[in-house]
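**Student:** Listed below, chain by chain, are the residues.
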Amino acid sequence: NAGVTQTPKFQVLKTGQSMTLQCAQDMNHEYMSWYRQDPGMGLRLIHYSVGAGITDQGEVPNGYNVSRSTTEDFPLRLLSAAPSQTSVYFCATTSSGGGRDEQFFGPGTRLTVL
Amino acid sequence: GNSVTQMEGPVTLSEEAFLTINCTYTATGYPSLFWYVQYPGEGLQLLLKATKADDKGSNKGFEATYRKETTSFHLEKGSVQVSDSAVYFCALSGSARQLTFGSGTQLTVLP
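The listed protein sequences derive, respectively, from chains A and B. Counted from 1, the first sequence has number 43 at position 43 by this note's numbering; the numbering is strictly sequential. Counted from 1, the second sequence has number 9 at position 9 by this note's numbering; the numbering is strictly sequential.
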């Protein structure tokens, strides 16, 4: 049981490049989210999903796309990277029922855009 | 929309001192409230949570009580240790389980 996995752990991009951050979970959780963490700003929600085929925007969605074709995977795509997207990205999942609201976080992807 | 206001840091304490980190929130409905901790170079770990008014969450000597009347969820510990040095985040969950975080409080405990 791996929990929540994220790949890669580190990535350096040049401005304008595209890439996909991977997130996978083996807990059969319906809810998945992407956050970015910037110094002094806590974590901010980028996109989230309440189940396969359903996604919605969070607080800072611009420049990012997501899709949810399976329960297990929730990739985050940067279409044209910008220096303002330099950040640490966390994927999280949570159970949908029983009042168990705990979110489980992946280890993060540290992205630098030059 | 939902928001969380957290005591600004950094906070530096001596070992065995009393810790309070203030957290207040604005939300519609009755959110669940959380404290997460992040140790250097690591992801976030759930420290404690409370799901309804007057609930007290506790873990590893830390406590926080869900106060609906003051919309607060302050984190306390009676005697901090060097190993408690970390960044602490207050958060609340929305209807789709997405979290709204405070800005985080850096705690350093000196021996």
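Just so you know, the hints here were simulated from the structure itself, not pulled from any lab data. None of the values given here were measured: they were computed from a predicted structure. By construction, the Cβ of each residue, glycine as well, lies at the ideal position given by its N, Cα and C atoms. Some hints could be false.
[To be verified] Covered stretches of chain A, as calculated for chain B (at least 3 residues, CB under 8 Å): (1) 18–28; (2) 68–78; (3) 81–95; (4) 105–114.
[As the list claims (entries may be wrong)] For each label pair, taking beta carbons as the anchor points, the in silico distance ranges come out as: (5) A:Ile-54 / B:Gln-81: 39 to 45 Å; (6) A:Ser-67 / B:Thr-12: 42 to 48 Å; (7) B:Pro-111 / A:Ala-2: 22 to 28 Å.
**Student:** Evaluate each hint against the coordinates.
**Tutor:** Checked hints:
no., hint, verdict
1, 18–28, "violated (count 0)"
2, 68–78, "violated (count 0)"
3, 81–95, "holds (count 3)"
4, 105–114, "holds (count 4)"
5, A:Ile-54 / B:Gln-81: 39 to 45 Å, "holds (43 Å)"
6, A:Ser-67 / B:Thr-12: 42 to 48 Å, "holds (44 Å)"
7, B:Pro-111 / A:Ala-2: 22 to 28 Å, "violated (36 Å)"
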